[in-house]
Amino acid sequence: MKIKNVFNVMAVMALMFSFSTFAVAQSKLNVIATTEDLASIAAEVGGDHITVESIAKGYQDPHFVEAKPSFILKLQKADILILVGRELEIGWLPVLINQSRNAKIQPGAPGYLDASLQARILDVPSGQVTRAEGDVHPLGNPHYWMDPENGKIIAKEIFDTLVKMRPNERSYYEPRLNDFVSKVSAAEKRWLDMMAPYKGTKVVTYHRSFSNFADRFGLNVVGYVEPKPGIPPTPQHNLDLINQMKKDNVKIVLVEPYFDVKTPNAIGRDTGAEVLIMPPSVGGTKDVADYIKLFDSNINMLVTAIKKTSGK
Amino acid sequence: MLAVLLFRSPFLFAQAGAPQAADLASIRAQIDAMRADYEKKIQDLQKQLDDIQSRQSTPAQAAAAPEALAQAPTSSVTGSSVNSGKVFNPDISVIGDFLGAAGSNEVNPSPALEMHETEVAFQAVVDPYARADFFISFGEEGVNLEEGYVTFPALPGGLLVKVGKMRAAFGKVNMLHNHVIPWTDRPLVTTNLVGGEDGIDDAGFSVARLIPNKLIFLEATGQVFHGTSGDGLYTSSERSDLTYVGHLRGYKDITDNTNLDFGFSISHGHNASGVVNGEDIGRFTTRLYGGDATIRWKPLQRSVYHSFIGRSEFVWSNRNQPNGTQDAKGFFVSADYQLARRWYMGGRYDHSDRPDVASVTDSGQSLILSYFPSEFSQIRGQYRRTDYGVGPTANEFLFQFQFAIGAHGAHPF
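Chains A and B supply the protein sequences, listed in that same order.
Take 1 as the starting number for the first sequence in the numbering used here and just add one per residue.
Take 1 as the starting number for the second sequence in the numbering used here and just add one per residue.
Incorrect hints may have been included.
Unchecked claim - Derived lysine-lysine pairs resembling DSSO-like cross-links, with alpha carbons at most 27 Å apart:
(1) A/K308 / A/K246
(2) A/K28 / B/K214
(3) A/K189 / A/K74
(4) A/K189 / A/K202
(5) A/K152 / A/K57
(6) A/K199 / A/K152
(7) A/K308 / A/K199
(8) A/K57 / B/K165
(9) B/K252 / A/K57
(10) A/K202 / A/K251
(11) A/K251 / A/K308
(12) B/K86 / A/K77
(13) A/K307 / A/K251
(14) B/K214 / A/K74
(15) A/K199 / A/K77
(16) B/K214 / A/K104
(17) A/K77 / A/K202
(18) B/K329 / A/K77
(19) A/K202 / A/K293
(20) B/K252 / A/K74
(21) A/K152 / A/K189
(22) A/K246 / A/K293
(23) A/K156 / A/K202
(24) A/K104 / B/K252
(25) A/K164 / A/K199
(26) A/K247 / A/K156
(27) A/K262 / A/K189
Claimed, not checked - Now the stretches of chain A that chain B is said to cover, found in silico as 3 or more residues with beta-carbon under 8 Å:
(28) 50 to 64
(29) 67 to 77
(30) 126 to 137
(31) 229 to 238
Read the hints as simulated data drawn from the structure, not as lab findings.
In this text, all values refer to a predicted model and were calculated from it rather than measured experimentally.
The beta carbon of each residue, even a glycine, is placed where N, CA and C say it ideally should be.
The following block holds chain A by itself, in its conformation from the complex (with noise of 0.2 Å):
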C-alpha cells in the first residue's frame, strides 16, 4: 500500500514536472526591440516562438524618442531587449531600463543585446571628438543596419541570444536564420545588380543615416542637408550646399521621412534635384513592412530617380 501511494506520488511529479517544462517549452519569449528594423529581423529569426514589439516607429527620429511609461511595462516584461547601440538610444533607452524592474534585460544580463557588437560600424571619429563637430556619435555611426551584410550578423547575434535562451530550440531557429540569411544574400546580389551601372553616383543626404547605404551600394555621399550632425539647416550651408551640388553635378537629395522637406526641396529646385523620401528604417513608409522590403523599395526608389535625372 506505502508504495504504492509513493508510486503515485512520483507520477503526479513526474506528471506535474512534464507539464512545467510543456508549459516553460510553450510559452514565447517577449522580445523588444528598440527599432522595427530590428523587431523585423528578430521576428524572422524567432518566428512563432517569440513575441515581438518595437519601441520606436520607423517613421520616427530614434534619436529622439520620448521615455514614456508605457515603454517601462514593455520592457519590465521583456525576456530580451535588442538596441541598435553607438548611442543611438542614449537620450532614452537607459531611463527605461533602470525603472523597468527587469534583472534580464539590465546592461550585461543575458537578455542585453547590443546589435552593434559584431556589425561592420563605420565614421568611427579618430583623434579627439568635441560637440564643435556637432552631436557626434563616438563610438560609430549607429545606422549600421542599412548595409544588407550587417542585417545578416544581427540575425545571427539575436539567433545566439534565442539559442543561449533556449538551447532546446536551435533546431527551430537555425533553418529559419540560414533562410533569413540567404534570402538576404539573394536579394543583395539583386540590389547590387541594380545598383551597379550606378556605381559612384553623387548624392547628398539630410542626416548621416545613409553611410552604410551608400557604402554598400556604391553612392558617394558629397554633402549634408545638416551643416553638423543634429544642427538644423542654416541659409549660408545651404549655399554652399547649393554651389558644392551644381560643380559636382549632384542630382540626388535623400531625406529621411522625419525631417522637414522645406529645405531639400528648396535645394532640389535651385539645383534640378530629385528629393527621395528615403526611410532608413523598417516601417519609414507604408510599403516598407520588413527589413528585405526596406532596401527592395529603397533601390528601385533610388534606380528611378537616377534614370530619370541622369536620362541613362
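Please arrange chain B on chain A, whose structure you already have, making use of the hints.
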C-alpha cells in the same frame, strides 16, 4: 619581418665598402634596387596596417582600446568615454546655469547677474545590482549635494529602491533639476509651499512599485526622509522627526502622439514654528497634499519640430503653528509650445497663499521664449509680473543661459 629587413640593410652596406671599383656601380645599383624594394614593401605593410585599422574601427574600436571591447555593451548605453580607455570612470557632465534679471522687484529681488548654479553629475553602474547617481551643485553661496543615491533596479517583487539623498517624489516640479524646468524660475506655489528652489530634498529611502492593471501605468512610491529640508518647510529636532512622502503616478497613452500623466502626493513632517532655542517645544507639523496633471502632444513623425506640454500642479498646505492651523493653497498652470526645431514659447499662471499666513496671496504671470542652439545649450527669456500679497507689484525680465558639457544625459520626460 620589418626588423629583419632593417637589420639586413647595414650588413649589405658594410659588404659594399670592400670590393673593387669595377663592382661598385653594380653593387650600388643592387642596393638601390633593394632599397626601392624595401620601401615598396614598407609602404605595402603600412597600407595593410591602415586597412586593418580601418576595418577594425568596427566593434568597439578593437585596436585602439582593447578594454573597451568587453565593456562595449555597457558603454554604448551609459556613454562612458571609450577614447580615454578609463572605461570604469563614471559619466561626468557639467551644466552651467547663468541667470540675469532686469526691472523691479522689491519683495524678492534676485541679482542682476549671477552664475546661479553649476551642477556636476557623476553617474555609473556600481555592480550587477545597482547604479549610482551624484549631482553636486555649486551655487553662489557654496556647494551642496543636490542628490546622491544608489538605485537597485532589479529587485524581486518589482520594486525600485533608492537610498541616499534625493529630491522627493512630491508632484512634478519638486523632482526636477533646475536645468530641465521650462522656466527660469520655479512657480510661486513651489516657492511658497513646497520648500522653494531646494524643495523637499533630503536623505532617506524610496521604494516604488508598479501596480499591475490593464488600463494604465500606475506606480506607487513611498519615501522616508531624515526630516530637514525645503528651506524651513520641514525641520527635524529629534531622531524620530522623519518626513514621509507618498506619491501615486498614473500615465496613459491617449494616442501615439498624445498622453496624460497625473499624480497625487502627500507629505508629512515637523516644521520649525515650535522650535525655541534649538528645542522643539511646539512639536508642530506640516502636511502637504498635492495633485498634478501633464498633457503632452508630440507628433511622432515630426517630433523634432513641434510639441506641446500643458502642466498644472495644485498644493494644499496644512500647517500647525503657535497661532493655530494655516490652510494655504496654491497652483500653477503652464503651457509650452514648440514652434520650430529650436524654438519654444510658453506661458505660466501662478497663484499661491503663503504657508504661515494663508490670508496673504501672491499671484503671477509669465511669458517665456526659449532657443536651443543645440541639445547642449539654451538661451531663455522670461517676462514675469508678480502681484505680491504684501508689497508692490514686480515687473521683471529674466534671462538665462544654460550650457552642458560632458556625457550625454537623458532627455527629460
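- Task: Please name the hints from earlier in the document that this structure breaks, with their numbers sorted from lowest to highest.
- Result: 3, 8, 12, 15, 17, 18, 22, 23, 25, 26, 27
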